[in-house]
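Protein chains in written order, with my numbering: chain R, -8 to 359; chain C, -8 to 359; chain B, -8 to 359; chain Z, -8 to 359.
No lab work stands behind these hints, which were simulated from the structure alone. Don't take every hint at face value.
Since the list can't tell identical chains apart, any single copy or any two copies may satisfy a pair.
In silico DSSO-like cross-links for lysine-lysine, where the CA-CA straight-line distance does not exceed 30 Å [stated by the list, open to error]: (1) K131 - K288; (2) K(-5) - K188; (3) K80 - K(-5); (4) K11 - K131; (5) K233 - K188; (6) K80 - K11.
4 protein chains.
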Amino acid sequence: MSVKEDVIGRSRVEDTDELKEFYSRLENLNAGALWTVANDIEPWEPQPTSVPVLWRYADLRPQVIDSASMVTGDDAGRRVVMLVNPGRKELSAAVGLLYTGLQIMNPGESMTAHRHAASALRFVIEGEGAWTVVNGDRLKVGPNDFAITPRGAWHEHGNDSDRSQVIWQDGLDIPLVNTLDANSFQVHPDQYQTPGKVQNSSLLEYGAGILKPAGADWNRRYSPLLAYPWERTYEALLNQAKVSAGSPYDGIIMEYVNPLTGGSVMPTMGAHMQLLRAGEATRAHRHTGSVVYHVAKGHGHSVINGQRLDWHEHDIFCVPSWAWHEHANDSASNDACLFSFNDFPVMHSLDLYTEAAMEDNDGHQLLS
Amino acid sequence: MSVKEDVIGRSRVEDTDELKEFYSRLENLNAGALWTVANDIEPWEPQPTSVPVLWRYADLRPQVIDSASMVTGDDAGRRVVMLVNPGRKELSAAVGLLYTGLQIMNPGESMTAHRHAASALRFVIEGEGAWTVVNGDRLKVGPNDFAITPRGAWHEHGNDSDRSQVIWQDGLDIPLVNTLDANSFQVHPDQYQTPGKVQNSSLLEYGAGILKPAGADWNRRYSPLLAYPWERTYEALLNQAKVSAGSPYDGIIMEYVNPLTGGSVMPTMGAHMQLLRAGEATRAHRHTGSVVYHVAKGHGHSVINGQRLDWHEHDIFCVPSWAWHEHANDSASNDACLFSFNDFPVMHSLDLYTEAAMEDNDGHQLLS
Amino acid sequence: MSVKEDVIGRSRVEDTDELKEFYSRLENLNAGALWTVANDIEPWEPQPTSVPVLWRYADLRPQVIDSASMVTGDDAGRRVVMLVNPGRKELSAAVGLLYTGLQIMNPGESMTAHRHAASALRFVIEGEGAWTVVNGDRLKVGPNDFAITPRGAWHEHGNDSDRSQVIWQDGLDIPLVNTLDANSFQVHPDQYQTPGKVQNSSLLEYGAGILKPAGADWNRRYSPLLAYPWERTYEALLNQAKVSAGSPYDGIIMEYVNPLTGGSVMPTMGAHMQLLRAGEATRAHRHTGSVVYHVAKGHGHSVINGQRLDWHEHDIFCVPSWAWHEHANDSASNDACLFSFNDFPVMHSLDLYTEAAMEDNDGHQLLS
Amino acid sequence: MSVKEDVIGRSRVEDTDELKEFYSRLENLNAGALWTVANDIEPWEPQPTSVPVLWRYADLRPQVIDSASMVTGDDAGRRVVMLVNPGRKELSAAVGLLYTGLQIMNPGESMTAHRHAASALRFVIEGEGAWTVVNGDRLKVGPNDFAITPRGAWHEHGNDSDRSQVIWQDGLDIPLVNTLDANSFQVHPDQYQTPGKVQNSSLLEYGAGILKPAGADWNRRYSPLLAYPWERTYEALLNQAKVSAGSPYDGIIMEYVNPLTGGSVMPTMGAHMQLLRAGEATRAHRHTGSVVYHVAKGHGHSVINGQRLDWHEHDIFCVPSWAWHEHANDSASNDACLFSFNDFPVMHSLDLYTEAAMEDNDGHQLLS
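From just these sequences and the hints, can you work out the full model?
Structure (C-alpha cells):
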C-alpha cells in the first residue's frame, strides 16, 4: 500500500474492511485499484533505485587478474568481472539500465563469435594486443581507444600479444533490452568469423569525418565507424579547448558520433570524452538518463547527490538518473579526462530528456 | 546461479569452493562474475515475464461500477480499476511496460488537473458525457473514440452528463517511464485549466488530415490532433477494405497517426484499429513489442502462444512481446474491430523491432 | 555592360581601350571579367522578369472551346491553351519557373499515356466526366477537385461524359525542370494503362489522413494520395475558420499535404486553398517563390506590386517572386476561395525562402 | 514553331491559316497553344545548352595576373576572371546553373565584406597568404584547401602575404539563385567584420569529424565547418584506396560533408575530391546535374560526350547535365586528383537525380 498524500490530485484513500474485500476481489480478476499505488508509480520526480558508486581500479584489477587463471574463456563465454549497483542487482546493472564490466584476455587467447540484440561498446584500459572482429572488420585497439559492437553484429575478441594481458571495459544495454523483452543471442555457425584483409577498415573508410565516400549508402541505425582512436579524441578535445569555454557542468566535452549522421554511435547508447582543465571544478546539474564514467586520465573528484567520490586513473563511477553531479580536476597542472557512456539516445528518442541546473550556492552541492 | 549450457560461447562454469570465495570477494566490491548470470541475461530469445491475459468486461464492469460509490474521485486522484499482469505485479503493468485501467466518472463529476512525464491515451467504452481538457483544448469524446494526453500536457477529465456514468480505458507508459527513471508529476497550480472557447479545436484544426494549416509549425514530438472520432476511424477501415487485402496477420489494420508527420501519435506508444471481416481468421506471427487489445466491435477469439482466448465487446486482452498470436472473427455475417495500443514506437526508435511469421501448419498455432 | 554603382563593394570600373582589348582576349578564352556583370548578377534584391498577369476566364474560355474543334487530341498530344507571362515567353512559363494551361477534353475523348520527369497537377474547372489514370489508379475528378501527377508517373486523361466537355487547369514545373537540364519524356509502350479495378483507390487507401494503413511503407518523394476532393477541402477551411484567426496575409489558408509525411504534395510544387471571409482584406507581404492563383469561389481583387487585379470565378492570376501582394474578398456576404500552386518546396529545400511584411500604411500597398 | 514528331502522344499539328489566326488571338491574351511548343519543352531527354569546355590554366593565368594591375579590388568589387560556357553566356554560367571564376589578390590587399543569398565556395590554387573571414571566423587557406561561404554569411577576403599573389577559384550558384528569382546582396555596414580571436575556429571546433561538441545545436542548412585542409583530404583518399576498389566511373571519390549531418556542405552545391590511381581509366556514365572540375594534382584526360579533353594541374573543365563522361590518369606512376563541385544537392532535393552507365564498348565512349 502506497503512502497517502494530502494534496488535491494525489491519492489519500484510507483502507477499510469493505475496500480490503474489494481489493481482494480485484486481485482475483488480475486487477487492482490504481489509488493504492498511484502515489508510488506517479512520483513527484524520478526515483531511481540506483545509487552513486565508485569502483576503484586498485580494488578491481587484482580480481580481474585472478579471474584470468580461475576460469577459461571457453568455459566462461567471456571472462568478465561485472560491476553491479547495489540497487540494481536483479538486473545486473551498473546504473539504470546500463551494464558494465571488466574483461580480461590472456596473451594469445581468443573468444568465439556471437551476436545479440543488445549493443556493446569497449573502452581499452591496458595491454597492447587487443583486437576485435566486428561484422568482419578486424579492429586493433589500444589504451583509451573506444570501439563499438552494434546490435546484431557478429563479434569476437582476442589478444594477439605474446606477453601482456589485455583488460578493457565493456558497456552494454543488456538490462534495457531485457526489460523491453527484446534480447536474443546467437553463436556464430563457424565459431569464428573470417575477417577482411585490411585491419581497421572502418577507420580507413569513414574515419576522415569531414569527408565521406561519395554516395555512401548506409541504412543501418548505428555508426559505420567502429573504432575511435584515443589520439584523435584527445586532439579534438585540445582543439575544442582553444575555441570554446566548454560546458559549465562538464568542461570541454565531445560526443563520439556516427560520421554519416552526426548522431549517437548507437540508438541505445551514446558516449563522450570530456576534459577538465587543470584545477577546473564544474557546476552541478542533473538530468534524466544514467551515466557510467571511466577515468581516462588524471585524478580528481565528483560530487553526486551530495556524496564526494575521489577518483584516479581507470576508476569507474556512475551517476544515476536525475542525480545532481559536478566534477573537479584536483591537479593544478595537468588536465583530466573522463570517458563516459550513457542512455541519452533513449531519453531523446522517447522525448524523456530533461535537465536542470543547480542555482543555489554558486551551483555547487553541499556535501551530505 | 544461472543454468549451465553446454554450447561453445555459453557459460558452463561449475561452482567450486575457490570460485565461491571469489564471488563473495566480488560482492563486497559491488561486483560479480558475468559467467554466473550470462546465460540468463543473454537469452536465446526474448523471455517476457508477462503472460497472455483476457480481462472480461462482464467481470470487470461490476467492479468498476462498485468503485464509483466506494471512493470519491477527490480521494482517489482518479477512480481507476487497473489491469495487472500476473507476471508484472511489481510494475503495475498489464503487459510488458504498458499500464492500462478502466476509469469511471459519475454524472457531473470532474477530476483536478495534473501532468506527468508519462504519456496517456483513452479509449471510451460507455457514457455520453465524457470530456477531457488537454493543454487547454476541451475534447468531447464518446464510445469508441480515441484520445491522447501526451507527455507533459496538463489534463483533467469529467463527465457532464446528468444521468449516465462514463467508463473509459486508460493506457499509459508509466511502467516504461518509471523503469527509465524518468517519471515526474505536477498538480495544476489552479486545480483546473481554463479551456479555450471552441470544443475539439484540435480536430477542427488538424482533423482534415489531407490538408494542414499552411505553415503549421509544430516542434513537439506528439500529434497536435488529440482526439480521433470512431466514425472517421470505422469509415477509414471500410474504405481500406475496398482496396486492400489487408495484412495476413491482422486483417484490415490502420494506425492512428500524427497528421503532421505520419508518425505514431506519441513517441512511446502507438495505437491501431483493425477490422476482421466476417469469418476472417488470420495467420500467426510474433514480434518484439507488447500490445493491449480492446474489443471495439463484435466477437471472436485470439490464439496467443497456443492459448485460445474468446472475446466479446469491451473485453481486453494482451499479447506479450515475442508471443505468437492470431485473431479470428467468429461471426459469419458481421465484422469485428479490435482497438489496440502498443510500445512499437519504442521498439522502432531503439532499433529493437523484429518480427517472424509462423510457417508451419498453414500459419496457425496448435492449441496447447 | 552592367550599370556602375558608386558604393564600396560594388563594381564601378570604367571602360578603357586597354580593358576593351582585355575583355576581347577573355572572350576568346571562354572567359569574361566579373566586374562587367557583377552588379547585374548580384542584384540588391530579386529581379524577376515575370510580371503580374490576370487571365480572365471570360476571355480564355471561348478560345479553349474553339481549340476543341480545331485540333484533335491525337494530333496535339494534349489540347491545351497555355498561359504565358510576357516576361517568360522563352520558357513558356506563367510565372517564374511554373507552367500552367487550360486543357479541354470532348465527351468520350481520351488521351494516350505518357510520363515525364516534370511533375504535374490538375484543378478541375467544369464538366463532370473527367478522369485521369495515374500509375494505374483511375481517378474521377469534378469541379474544384485537385489532383496530382507526380514526376515519373504514367498518366493519361479522358472524359467519360456523353454530353459535357471537361475543362481543367494544368500546372507543371516544366520550366524549372528544363532549366535544371533534367527533363525527359516517354510514351507508354501500350498507349494506355490498365487501371486497377477500384476507382480513386488512393483516396480510399490514404484519404483518412488521421489514420494510415499500418506499416505503410512509402519510399517515394511525393504523396501517395493523388486526388483531393473539394468537399473535404472546403469543410477543412470552414473548420479551420472556427478555431483560427488565419494569416494576416492570406486569411484562412491550408496546404494540401502528403498524408504520410505532412509535407508538400510533390518535391517541386506545393498547393494551397485559402478562404477569404466576407469582406476580408488581407495585409501585404512578399516572399521568394512564385505563385499561380485560380479563383475557386467568389469574387474580389488582389493588389500585386501596386497593381489592382479584379477577379471572378475561374480567373487565373500570378504573383512573381518577391512581389508585394494582398487579397480582398469584395463580397460582403459570401466567402471567396483561392486555389494556388507554387514553387515553395524548391525555395525551402534550397534554403532560399525569405519573406517580409509590409509595415507602412497599415500594411496596404499604394496603388501605382 | 516546334518540330513535329510522328509518334502517338507527340504533337504533329500542321500550321493552317485558321490556326495562325487562332495563335495570334491567344498571343493577345498572354496565351499560346501548348502543341506549338510541346515537343520542345517536353524533350525525350535533357537538352542542356551547355557544352563541354576545357579552360587551360596556362591560358588563363596570364590574364588573371594582368587583371591584378588593370583594375583595383575596390573598383571591381572583387577581381575575378569568370569562366563562361559558350551556351550559357546570358547567365554568366560555366555549366548549367553554376558559376566559376579565378580571383586574384595582391600582397597585402583585402576586399570589403558583403553577403548574398547565393552560396559560394573557394578552391585555392596558388599563394600562401590567402584568408577569408566568414561569419566572423578568420580562415587561413593554402593551395588545394577547400572553403565555403554559405548563403547569407558575411564574408571578405584578403592576402596577408608580403610578397606572393593569391589566386583561387570561386564557385557560386549565382545562375541558379537568379533563375529562381531569389538572389539578394548587402554590403557590410562597417565595410569589414571583426573576426574572432582564434583563426580557423570552425576547424578546431568541428574538424574532428568523428566527435562533435556535445549537445552541438546547429539549426542552419549548411556545414558549420568552413574550411577543409588539403592534407586531411588527400590522406582520406589514400586511406579509402586501401579498403575500397572505388567507383567504376570515378575511381576513389569522397564528398566533403557537413560533419554534423553527413550531408552536402551546402543545400545547393556539393563538392568532391577524387583520386585516379596511376594508369587508371574509368568507365563512362551520365547523370542529371552539372559539374565543374579542377585538376588538383597530376595530368590525364577526360572524354565528355565523345570529346577528349587533356588536362594538367589547375586546368578547369566542365561536364554538362546528362553528358557521358569518363576520366583517365595518364601517368603510369603517380596518382591524379580532381576537385569538383556540382549541383547534385539540388537534383536530390528536387528528386531529379537520375544516372545511367554506358554498357557498350566495355563502358568506354567512341571519340567523336
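Query - Hint numbers contradicted by this structure - result: Hints 2, 4 not satisfied by this model.
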